[in-house]
Amino acid sequence: MNPAKSYAHLFSPLGGEGGENYRAPGQLTFLRAPHVPLETEALKAQSARYAFVGVPFDEGNVGKPGSEDGPREFRIASQEYLSYWFEFGVDLYGLAVDCGDVPMPKVNPDSARERIYRAVTTVLKAGKTPIIVGGDRSISIQAARALSDHIGTGKKMGCLHFGAHLDLADSWAGEKLLSTCALARITELPNLPAANVAHIGARNSMNPKDYIDLAKARGLRFYPMFEIYDRGIDAVTREAVERVWTGTDAQYLSFNFNVMDASAAPGVTATEPGGLESREIVQVADIIGERKTVSLIDVTELAPVFDVSGTTSRLAVCTVLRLMAAMARARGELVDQRLRRSDLTAAE
Amino acid sequence: MSEAQTGWQHVPHQHRGPHQHEGADDHVYSPKLHNGTFKSQGIATFMGAPYCPPDRKAIRAMGAKVCFIGVPWDQGQVVRAGTSQGAAGIREASTQYFPYMFEYDVDLLTFFRVVDCGDIPVVPGNNTKSHEYIYDYLTECLHGGAKVVLCGGDHSVPIPGARALSDFHKNGTIGYLHVDCHLDAAPDWAGNAFTNCSGPSRALDLPNCNAKNMVHMGSRNGLNPKDWHDFFVDNAVGLIPMQDVARRGVVECTKEIFTRAWDGTDGVYFSWDTDSIDSSCMPGTTAPECFGLKGREIVQLARTAGTFGADIMEVSELCPQFDVSHISIKTAALMIYHFLGSRAKTLRDRGQQP
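Residue numbers (numbering that gives the first Met the number 0), protein chains in the order written: chain A, 0 to 347; chain B, 0 to 353.
Note that these hints are calculated values from the structure, not bench results. Glycine included, every Cβ here is placed at the ideal spot set by N, Cα and C. Hints may contain errors.
Unchecked claim - Cut-off 30 Å, straight-line C-alpha distance, at most; resulting in silico cross-link-like pairs (DSS-like, lysine-lysine): (1) Lys208/A with Lys146/B; (2) Lys38/B with Lys208/A; (3) Lys38/B with Lys175/A.
Stated by the list, open to error - Just a few of them, taken from the derived set where beta-carbon distance is under 7 Å, the chain B residues facing chain A: (4) Val27; (5) Tyr28; (6) Gln74; (7) Val77; (8) Val78; (9) Phe101; (10) Met241; (11) Phe321; (12) Leu333.
As the list claims (entries may be wrong) - Across the chosen pairs, the derived CB separations fall in these ranges: (13) Arg246/B with Arg230/A: 18 to 26 Å; (14) Ala245/B with Ala44/A: 52 to 60 Å; (15) Arg349/B with Lys215/A: 34 to 42 Å; (16) Gly231/A with Leu222/B: 55 to 63 Å; (17) Tyr80/A with Gly41/B: 40 to 48 Å; (18) Ala41/A with Arg246/B: 36 to 44 Å; (19) Val304/A with Gln351/B: 44 to 52 Å.
One chain only, chain B, in its complex shape (with noise of 0.2 Å):
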């Protein structure tokens, strides 16, 4: 399906001054003519993409083959709050940059027909209804024929978001991927079952999601109790602790997970919190913590990632405003660029569409 045949479009805000447009893979070009698209973006999207109404007719009738959106919650969480603020902070941190990747010569913008969902709709104090808001988004997604790139939001996102995949693939079965610092495997928390803490507990629930095609990777340091390590060993869900990621390196780590989670399945749900990265590099956070992953690792993670890909990639626990150099926003947008970029290149390399 060509540009011409769907109703994706990326039009340039600027009307007026001396704006020229050229054609349209303009952008993909650093402004040359006109006015300057770089620092006035008009509607801060991600990407600077087109706005699609998170509808799954909308969707399709768009073309749209990655659905960026975001869940400004962080009441599903047990530690610092503030990662509401996760999505726009990626927001922003995109208007710095071009959506033409050189490293995998990919304008991403126009090879998945990007659109901007905008925020998932969340209820204060309402834990439950908000994540029924953001099943049924996501699922709008899905059925709207594109991938989805979720950003939190606090790491409770997961718990509908693999519901929301699962039953999209509810013929089928699905992956479930966990990278972060803490193994987040607690039946519960003081009661509450769908906190932050209980991500792979309440994926290897749902009845199309099987412990073979589970694995968490990147654990490391002492939040992390007896009772999520033992879920781990009792179910024969696979780990990868940190430890193990720095003695066998971040590539052939990332190529296992992912091997594991496509392993017969039809669809993978890949979370990666942002805590799995060092404090150094990621200070930005609801919980950093030292010893993770570094500048390239984090590239590099995502980068072999794309070459597997995932229907549902989630960045979650970002919280800009404890950065003040404002780094832990660019390296977030970067996780999801160069998944996409390597994704891209992945695809056509092997003469595919997304």
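Here chain A stands alone, though its shape is the one from the complex (with noise of 0.2 Å):
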């Protein structure tokens, strides 16, 4: 236990900062974690690990629009929860800080894709993991690529991708840099082998022919949904995973949340049936969560308009939540289970 660490926050309000803040935060960050600014020497000062960065841009969408709302349920749905979590006996506190939104232009995608890969940048370079809530998948471009750009030409990276469409076009219309050619620009990348890179989840006919064949020519090992309905989630995700974490030195892990079964999540772009359920996603991010550190984490095509009841933005943050507790347990940053509620109101 270390005594200069204030445990409160592990037990339910106790009256002062502890009750103040629930559901009031004051400032709306994601797990109310501290904003700070996004800049590389303002983030080394900090001793958290992952950066939280929110991407409201939706000007690479094919489909319904609405994905630029993501960050912010995306943060609100994260004030519902706490920074303990008692089936890891982690606690998540101290562990993130939130560096705001990625300023966007509007109407200037190409300026707001060159501000994506900087943000992204910034954060790698102060050796913090980039949490990145967009947005529509076309961020997950620039992401990767500012990841590629960071480990440098004589490192591996891998990639494992969650979604219900292989976003595998070469071109869409002739424009190159939209979310359906998201896993083509990506898989384009000096430094990812084939060998290294899993999609999770394929399914339904927004997978055109060109996807399959581009899948084919370029040797990707892509898990369509009806391979779960038989081998079922757990064996595929360690599969997946193994590909991904198998001789690489740093890995990307994308969840486009339309890889979730329309009911499980209908506040997305583009819903989609037959997906995965909400327990399969929670067995798949602690299964991915053994593996202790990841080097970027994005989560995209949060559409909030059509989340009514708000249980989609919540699975989300619960996803990534839970992949953080996981990877700290997996790290062995556990909490003294010896702690007791009587211990702090003796030390008062």
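Both chains come to you apart, so use the hints to assemble them.
Here it is, written out as structure tokens:
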């Protein structure tokens, strides 16, 4: 037990600070984390492991709009959780900072893409793990490019993607950087071997033939939902994680929440029936969490306007927090189980 | 019959702008050079299929093997209204999809030469007349040599629908499948024998539809009065309640009902009510009910049904306006897509044409 650290936040509100900030956060940040400017030096001064960055960008979208409101709702949903996770015996307090949103110019997508790239690069240079919340899936192109450039050509990265669509259009009506081109661009990165790429959850009819042809041409392994029906999510996730983590120096983890069944995630831009159920994405987070660390996490395609009950953003937050918790446990960062609320009362 | 020998042709709608049509199969690929057929749909038809008048000669001339046809009718039912918008919802949802399905490696549009026959006319306040139109239009499609995807509309549409199929196969017999939360076996409802409460009852009245070729699947919960259940017991009509589907698995149960419906028959009417689906996956339906089919069970049912096929596949009781997240219309569209995709794969694997 570290006597310099306050433990009050581990328990239900005792009054004082802990009681004040539940659902009254003052500043709206991811997990009530402190806001830190998006600058490498400012971030370096922080002990946090993760830096949250919102990317309200919806101009790479070919379908239903609405994902630019994703970061805001994600932050709001994160206020509903506390930092202690009993299933893992860990405390997420202090693990993250919130760098706000990447400022978006609107109607200038080229400029916006460069800003996304720079924002992710800034976080990586500070030695933090970016948690990027979109925004449409096209932001993954910039995030992955930033990670690839950051580690340099001498090292290898892996990519694990969850989504209903393969997003393997070489171009879409002549455009090369839309959400539908995401995996096509990412798999062109020089230090991402095809052997270290895995895609989970492909299904239904928004996967035109050129996606499949490109996947074959590049030797990409994708695990369609039909395979998950047969083999189960546990076996498939373990195999995919093994591919992505084997022999790589950095790992990029990307969640397009349309991987979920439409019933579990109605608030995404392109709902797709036949996807993962809530308890399966929880399993996924727990399995990936065994790997201790990841280099970059992104969450895309949340569309709060369709999420009337707020369940989709909450599921997305829960998935990310469980992942963080599982990784903290795997690193051995456990809360002393002997600590009791009465210890705090006695100390006061 | 090749595409060139028929009148069927898929014409992308862009005639101006940077559009470059590369070939007949363009639509199975994501937009590469042309002006984004994805959101700019031109005339909104099901699957972007060409329009064909619901006339047997026109259908034959186009060589269509699947006709999509809508019924904007919700005055044959006793619960909340709204299903008249169902077909429009499916057409809209289909604009978010390509006709190519990688799971079956098939282009539905050209394989079946799908056409959209528009909507069947309905007469407000007159269930009898509306049903006559449904009977007449379906008869045209069947005599045109096509299978039918019928989108309701309330669940009274299988009454004229099954009658049309029965008369089409008047020298043989037909099977009748009813996948629904509700048993719909009322002799009548407040004196009306042709509402959404009497699908199986009226099917059994048909001269060539026998109880041994009829099954109901997915029934559950408290909107199933005793006389509805007695109908199945007294007439020995097949019944697989939802609790049995949950226990045995949807694939096995679907195989059983289709095997029974096709046993010795010349055609099958497959009526699939959207309220068979769990309310979490299908909030946009006339009577949403818990404890129904879940996301992947819907896909598995459609996929398994496609291995058997049906003359008329009907999706009914879809009410888009109760679903603020728009998940129901896409699910309903996918019920049809997976059914057709699996059907196409089955036929192709056997070396058969549709």
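Check each numbered hint against the structure and report the violated ones by number, ascending.
-> 6, 7, 8, 10, 11, 15, 16, 18
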